[in-house]
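Knowing the structure of chain A, use the given hints to seat chain B on it.
Number of protein chains: 2
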Amino acid sequence: MAKANAFYAQSGGVTAVINASACGVIEAARQHKDRIGKVYAGRSGILGALREELIDTSRESAKAIAGLRSTPSGAFGSCRYKLKSLEENRREYERLIEVFEAHDIRYFFYTGGGDSQDTANKVAQLGSTMGYPITCIGIPKTVDNDLPLTDCCPGFGSVAKYVAVSTREAALDVASMCETSTKVFVLETMGRHAGWIAAAAALAQSGPGDPPHIILLPEVPLDRERFLAKVRATVEREGYCVIVVSEGAQYADGTFVADAGTKDAFGHTQLGGVAPTIANMVRAELGYKYHWAVADYLQRAARHIASATDVAQAYAVGKAAVEFALAGRNAVMPTIVRKSDSPYRWTIGEAPLSRVANRERKMPRRFISADGFGITPAARRYLAPLIQGEDYPRYRNGVPEYVTLKNQLVKPKLAAFEP
Amino acid sequence: MAKANAFYAQSGGVTAVINASACGVIEAARQHKDRIGKVYAGRSGILGALREELIDTSRESAKAIAGLRSTPSGAFGSCRYKLKSLEENRREYERLIEVFEAHDIRYFFYTGGGDSQDTANKVAQLGSTMGYPITCIGIPKTVDNDLPLTDCCPGFGSVAKYVAVSTREAALDVASMCETSTKVFVLETMGRHAGWIAAAAALAQSGPGDPPHIILLPEVPLDRERFLAKVRATVEREGYCVIVVSEGAQYADGTFVADAGTKDAFGHTQLGGVAPTIANMVRAELGYKYHWAVADYLQRAARHIASATDVAQAYAVGKAAVEFALAGRNAVMPTIVRKSDSPYRWTIGEAPLSRVANRERKMPRRFISADGFGITPAARRYLAPLIQGEDYPRYRNGVPEYVTLKNQLVKPKLAAFEP
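Here the protein sequences come in this chain order: A and B.
Taking this note's numbering, I'd label the letters of the first sequence as residues 0 to 418.
Taking this note's numbering, I'd label the letters of the second sequence as residues 0 to 418.
If you are wondering where the hints come from, they were derived from the structure by calculation, not from laboratory data.
Any given hint could turn out to be false.
As the list claims (entries may be wrong) - Selected chain A positions facing chain B (in silico; Cβ < 7 Å):
(1) 13
(2) 73
(3) 78
(4) 79
(5) 82
(6) 165
(7) 176
(8) 252
(9) 254
(10) 280
(11) 293
(12) 296
(13) 353
(14) 393
(15) 394
(16) 409
Since we're looking at a predicted model, the values are computed, not measured.
We put the beta carbon where it would ideally sit given N, CA and C, even for glycine.
Bound-form chain A, shown alone (with noise of 0.2 Å):
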């Protein structure tokens, strides 16, 4: 293939580690300027590309593209625009071909979920369909870690070591003052669909009875009684209990915790998540005196506390995406291969898309403990690999020094489309 210019997007929620990916693959096409001409960013992911507002990713230095490796959320912007089927949307994907013709596209890099990867998917489908030749790669990027066929996503590994290090410091907190003060403390993450994040909570723990004591997972059903005696067996054999609940923690008919919190006899709205729901139930049948804290988007943009090892693969990937690219690949992801697990050692893989597209991942069985509240052996051989090391960013003035691109759109050439 000639030379041609890329397309680059950032899709759904952000993490720690998505600009390590698009550092990944910026500087790798870097270093093929004989094949890749200019990397396009779509501004706001892909609506960037239907709405021809391409950043010309060529105007940022090297030194400002080196830093998005330590730089957290989407530098070019995100969004959860998802294009619906071939069939019920045709006119987005010609859409899509027009503005990558008038701009000699002709490979696509696409960073996200499964929801991204069927559409990177499909846009690769329709190249072959128009006979616009353009090659699909997609990135992997969830820190829900629910993407099948790698071993992990980039983004999982740094919030999971930010869960992991903010309970540690957390139940050092609690203990030392549980005697006249807070008995209960629950800190709720992120993980509507899949409890990996709320599981990773356990790397806190060096020994037996360490906090967290009780994990909620959105795979375990939530029982109230055998839940609340668990927390009073704990707070009178340790004075404390810590909780970690994900917050798509559920009852066993299927309404999510925090739902069941936000409504009250009389049907009125409530505020707040899960953790004030569990700490309120806690309070009300036990009477301990508790805390709570609900980290949100803390969590998933907290680069001061990133994980190396996630860091390294969500730039290995990026790189990986623009190699493949170059060798003929299309419609494919690179993936992470686990070669063992301790020493940790990994390597990149390659996984159709059509294999990974809308296909969630949940906790297995046999990752959760026998009483539905903790996870097992097996499942801490594998967490524990992904936080390991840290990948501290630049400070000035006591704060993360992080970029912030030119972000330069280019010229349109087109008239003007709104999705």
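Just chain B now, with coordinates in the frame of chain A:
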């Protein structure tokens, strides 16, 4: 004074660096074995003295004590137990003296906020009244930064850094997705009476217009209409709005915003703190999609992102407390004295406990911007140095390697006493 033992206790809410002060006390005492015998630490703070539950710190290795410098929370336990006045409960003070006498304790080191400095002062007075010579030195500690006569309070700089770093990171997250997702993000910080912690979020800014766009301080009564107008104007100008709110934010009539939000029109108790209340207000009045976070204990336990300045000061006031005692000072507290803003230079000063006790330092008006939603350049000059420098703990298996002490109790010599 001949050789005697020392009693050390931690009081009130713990911090990321209170153990660094303990490290300073114990290491300094070990340097003067001719004057100070053993350092006994109170188990769960002053309760340990009343109950004669004394931890023998001489059983701890030099390595373990050195490890305290980078371990958050209270290694010996802390409590919020406030001794009543001498008139109201003379028996408790007499018990303290009995325990001190039984264990040949002639030095009393007490780390805490305003209430604790009052207690230390009362013990000093009682010592002279009862003819039991005891040297009482207070050690400043409070994340609230509300002690008078000291430039700042150890513990504050680290929580300030946590809040500034977290705000910068979460704001990048919101900015990158605001076009199609969350437009308003609310972060709740500690600070029931004074807004120092929330104010520190402004250190996330590197220029005008940077987030956080609005800071709600307890010192400035919340005016709903002006607040909502500023949120709307910010979203229209920047595309998103980041709000940092102190847990102590209140209306002009003194009602806490958090309390106002926890009951609905029917008087039913609702869940949640001030962040969800503010977020809900924005949603109800302006219709913006929101997210909110409540960092709670995570912020004051966050040793992983402690301010190096704060760690150094916490250690220094601990060390100075011992040096003051050995120099014959009594009923005083080491303070931080600022010599210059930039470069920040500081030294150790001294304040009488009688002037420190029970006085609360709020944010001065000159530190609050004209519209009440931000801070002034003077506040920035004051705050900026306090978060300077990183002082990372050691990591093992991806999480900080915090020390756990043996905490062996000394054999009691007196009859049991329950406060």
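These are the hints, each one checked on the structure:
1. 13: Check passed: Cβ of residue 13 (chain A) comes within 5 Å of chain B, closer than 7 Å.
2. 73: Where the cut-off is 7 Å and the nearest Cβ of chain B is about 4 Å from residue 73 (chain A), the hint holds.
3. 78: Residue 78 (chain A) check passes; min Cβ-Cβ to chain B is 4 Å, inside 7 Å.
4. 79: holds, 6 Å
5. 82: violated, 13 Å
6. 165: holds, 5 Å
7. 176: The hint holds - residue 176 (chain A) has a Cβ within 7 Å of chain B, the shortest such distance being about 5 Å.
8. 252: Given a least distance of 21 Å, the restraint on residue 252 (chain A) is violated.
9. 254: Nearest chain B Cβ about 16 Å off; hint violated.
10. 280: violated, 10 Å
11. 293: holds, 5 Å
12. 296: Residue 296 (chain A) check passes; min Cβ-Cβ to chain B is 4 Å, inside 7 Å.
13. 353: violated, 27 Å
14. 393: violated, 10 Å
15. 394: OK, holds: residue 394 (chain A) within 7 Å of chain B, min 6 Å.
16. 409: violated, 18 Å
In this structure, the hints that do not hold are numbers 5, 8, 9, 10, 13, 14, 16, in rising order.
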